[in-house]
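S.K.: Turn these sequences into a full structure, and let the hints guide you.
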Amino acid sequence: MRNSLLILGAGALARQIHSVVAALHETGCDYRILGHTDRYPTATTASVPVLGEDHVLADLEASYVIGVAAPSARRRIGEAVSGYGKRAVTLVHPASTVEQHVSISDGSIVMAGVRIQDSATLGNHVFVNANAVVGHDVVIGDYTSVSPLAMLAGGVHVESDAMIGAGAVVLPGRCIGRSAVVGAGAVVTTDVPAGTSVVGVPARQLVK
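Using full-length UniProt numbering, read the sequence shown as starting at 1 and increasing by one per residue.
Note that these hints are calculated values from the structure, not bench results.
There could be a bad hint or two in this list.
[What the hints assert, rightly or not] Each computed DMTMM-like pair below joins lysine to aspartate or glutamate, with the alpha-carbon atoms no more than 25 Å apart:
1. Lys86 with Glu61
2. Lys86 with Asp106
3. Lys86 with Asp118
4. Lys86 with Asp59
5. Lys86 with Asp30
[Stated by the list, open to error] What follows is a list of derived Cβ distance ranges for each label pair:
6. His25 with Lys86: 33 to 43 Å
7. Thr189 with Glu53: 42 to 52 Å
8. Gln205 with His55: 33 to 43 Å
9. Arg204 with Arg32: 41 to 51 Å
Keep in mind it's a predicted model, so treat the numbers as computed, not measured.
Backbone N, C-alpha and C define an ideal beta-carbon position, used for all residues, glycine too.
M.R.: Shown next as structure tokens:
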């Protein structure tokens, strides 16, 4: 029995989800993508139609996944559809490595090449992009996005709605506050307060 899946969004990440679903198909986990949602219902993505805006999920016999990388947008979509009674699926690419005692919550997406080490915890609707490393005992809050090649060392705590940039490194035990942004290539050596952006080596707060 194929599991019907609606992808909320039709941009770059939404297109990448097709490759995850195809890889999972080879392992016997058989999702059938019904389509995407977007504000422009005449668009198509990877030969799968855009069915309308997110509210079409309410009338479909389908599970869903959020195909948008920006944490604020992921939260907005997730909260908007939470009352529809639909299941948010968790997609873990079979070419990733997930060690023992790892917890990955509903709606999260783990791309190819990711390594998640022992006893890490991912919240709801977390997105971990290709070849990132999530160290042992790391905790990642809801709706956070971790970009390609980022490395979260052991015991790091990333709160909800944060964005970790490509190639960023967060040293052991550091805390990244809610809605914080760690710039690409930054090396975080101290805690990052909520709502702030840091860049550079070592990472320092970006002055606006």
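S.K.: Next step is simple, just say for each hint if it's right about the structure.
M.R.: Hints and how they fare:
no.: 1; hint: Lys86 with Glu61; in the structure: holds (8 Å)
no.: 2; hint: Lys86 with Asp106; in the structure: holds (11 Å)
no.: 3; hint: Lys86 with Asp118; in the structure: violated (30 Å)
no.: 4; hint: Lys86 with Asp59; in the structure: holds (10 Å)
no.: 5; hint: Lys86 with Asp30; in the structure: holds (18 Å)
no.: 6; hint: His25 with Lys86: 33 to 43 Å; in the structure: violated (21 Å)
no.: 7; hint: Thr189 with Glu53: 42 to 52 Å; in the structure: holds (43 Å)
no.: 8; hint: Gln205 with His55: 33 to 43 Å; in the structure: holds (39 Å)
no.: 9; hint: Arg204 with Arg32: 41 to 51 Å; in the structure: holds (48 Å)
Going through the hint list in order, the structure does not satisfy hints 3 and 6.
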